[in-house]
Amino acid sequence: AQSVAQPEDQVNVAEGNPLTVKCTYSVSGNPYLFWYVQYPNRGLQFLLKYITGDNLVKGSYGFEAEFNKSQTSFHLKKPSALVSDSALYFCAVRDQTGANNLFFGTGTRLTVIP
Amino acid sequence: GAGVSQSPSNKVTEKGKDVELRCDPISGHTALYWYRQRLGQGLEFLIYFQGNSAPDKSGLPSDRFSAERTGESVSTLTIQRTQQEDSAVYLCASSPNAAGANVLTFGAGSRLTVL
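Residue numbers (the numbering used here), protein chains in the order written: chain V, 631 to 744; chain R, 699 to 813.
Because the hints were derived from the structure by calculation, they are not lab data.
Warning: the hint list may mix true and false statements.
To spell it out: a stretch of chain V is covered by chain R in this simulated footprint if at least three of its residues, at any positions, have a beta carbon under 8 Å from a beta carbon of chain R; those stretches are [said to hold, decoys possible]:
no., segment
1, 672-684
2, 735-742
Derived lysine-lysine pairs resembling BS3-like cross-links, with alpha carbons at most 30 Å apart [said to hold, decoys possible]:
no., chain 1, residue 1, chain 2, residue 2
3, R, K713, R, K755
4, V, K652, V, K688
5, R, K755, V, K679
6, R, K709, R, K755
7, V, K699, V, K652
8, R, K755, V, K652
The following label-pair restraints were derived from C-beta to C-beta distances [unchecked claim]:
no., chain 1, residue 1, chain 2, residue 2, range
9, V, A635, R, A797, 23 to 31 Å
10, R, K713, V, G683, 47 to 55 Å
11, V, T702, R, Q778, 33 to 41 Å
12, V, T736, R, N795, 23 to 31 Å
13, V, I743, R, N750, 44 to 52 Å
14, R, P759, V, G646, 37 to 45 Å
15, V, I743, R, S756, 38 to 46 Å
16, R, T811, V, I681, 37 to 45 Å
17, R, Q782, V, G683, 42 to 50 Å
18, R, A700, V, Y691, 20 to 28 Å
19, R, D716, V, G683, 45 to 53 Å
As the structure is a computational prediction, the values presented were derived from the model and not from experiment.
Cβ atoms here follow ideal geometry from the backbone N, Cα and C, with glycine treated the same way.
Bound-form chain R, shown alone (with noise of 0.2 Å):
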């Protein structure tokens, strides 16, 4: 697609449900990033994908937090037994590859709020 597109952009959730996060990258882009924007507060990296392998997954906050990349395409975020902590905006972005000085292009986000 033309840019990367986030669904949904918003949420509301009651604590302990799971919610999905998905993410559609630039068409061609194999690089995929995920990152976390708390309220007034900056980018929190969460996971790389490279294809459909994550190299780094070094800044999920918990085992309830897992994502999946298929087709070297859609990416979608998994947040398990949801806590009202887990509130933020979650921004996915994607380049042409993870090497390099590649660009990254955002989402608009995907704002979850948890009850």
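One chain only, chain V, in its complex shape (with noise of 0.2 Å):
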């Protein structure tokens, strides 16, 4: 079975700082790995995936994402938090083998302080 965990609801941060956003997944197989991002009053948008190769890849807006087999983690990462960075955050995970379908994680509510 596929499952995608998102442990923070909430990250706060301030301008300026790094930002991690934590991912979890557990699939039977080797994983498609996701990012979606939901700004207030828009719908989904893609920020990144994992596939193979390098381990830390590289998607929009700045962001960049690290995919650790050991540990079964796909961590969302930026640098330099901007406030428009502000936004709900999805990890999701696909099974390289078997099911087609996409699971997403319970999101979580990055807020960026001025």
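Combine both chains into one complex, guided by the hints.
Structure, rendered in structure tokens:
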């Protein structure tokens, strides 16, 4: 079975500071991993994905995520947070073999404080 | 179309009524997904289609919920005898196909309020 855990409902960070939004996953095989963002009153948007290869994935708006197979994690990071990064962030996983569904975590609300 | 279109954007209904929510995916996308997002909560998987077939219906909460897709295009999510706990935003997404690392493109959602 596939599952995703986002252990923090809320993350607060000061503008200019680095941010991390945590995600751990569980799949029977190798994972495809994704981050999506939901800005206020807007639809979900794709940020980045991990397929294979380099463990550090770079995405939109200066975000990056690090795949760690031993810790089954895919934490989202940004070196310097902007107020405009405040949004709801979702991690998602799909097993590379078997079911083609995409499972989402419960989301983490990021608030960047000016 | 250029994006995923959902209608209605807002629906207010009385408990016990039936509702239909429509999703028009990106042209050529063979995979279509329905999710539910209750207020302040995460995305709850409902069902996905590959073409007109639904390989995974495991997320449908009860037999009051059903979905169909025709012509590998438009999909309709039907909720019969609505209950207050059905109040949520229903999100539709499509992707080129259901396999691999294909990215989902989401619609703006249909907000359902059951009084």
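Results of checking the hints against the structure:
no. : hint                        : in the structure
1   : 672-684                     : holds (count 7)
2   : 735-742                     : holds (count 3)
3   : R/K713 / R/K755             : holds (24 Å)
4   : V/K652 / V/K688             : holds (16 Å)
5   : R/K755 / V/K679             : holds (25 Å)
6   : R/K709 / R/K755             : holds (24 Å)
7   : V/K699 / V/K652             : holds (14 Å)
8   : R/K755 / V/K652             : holds (29 Å)
9   : V/A635 / R/A797: 23 to 31 Å : holds (24 Å)
10  : R/K713 / V/G683: 47 to 55 Å : holds (52 Å)
11  : V/T702 / R/Q778: 33 to 41 Å : holds (40 Å)
12  : V/T736 / R/N795: 23 to 31 Å : holds (27 Å)
13  : V/I743 / R/N750: 44 to 52 Å : holds (48 Å)
14  : R/P759 / V/G646: 37 to 45 Å : holds (43 Å)
15  : V/I743 / R/S756: 38 to 46 Å : holds (40 Å)
16  : R/T811 / V/I681: 37 to 45 Å : holds (39 Å)
17  : R/Q782 / V/G683: 42 to 50 Å : holds (47 Å)
18  : R/A700 / V/Y691: 20 to 28 Å : holds (22 Å)
19  : R/D716 / V/G683: 45 to 53 Å : holds (48 Å)
The structure shown violates none of the earlier numbered hints.
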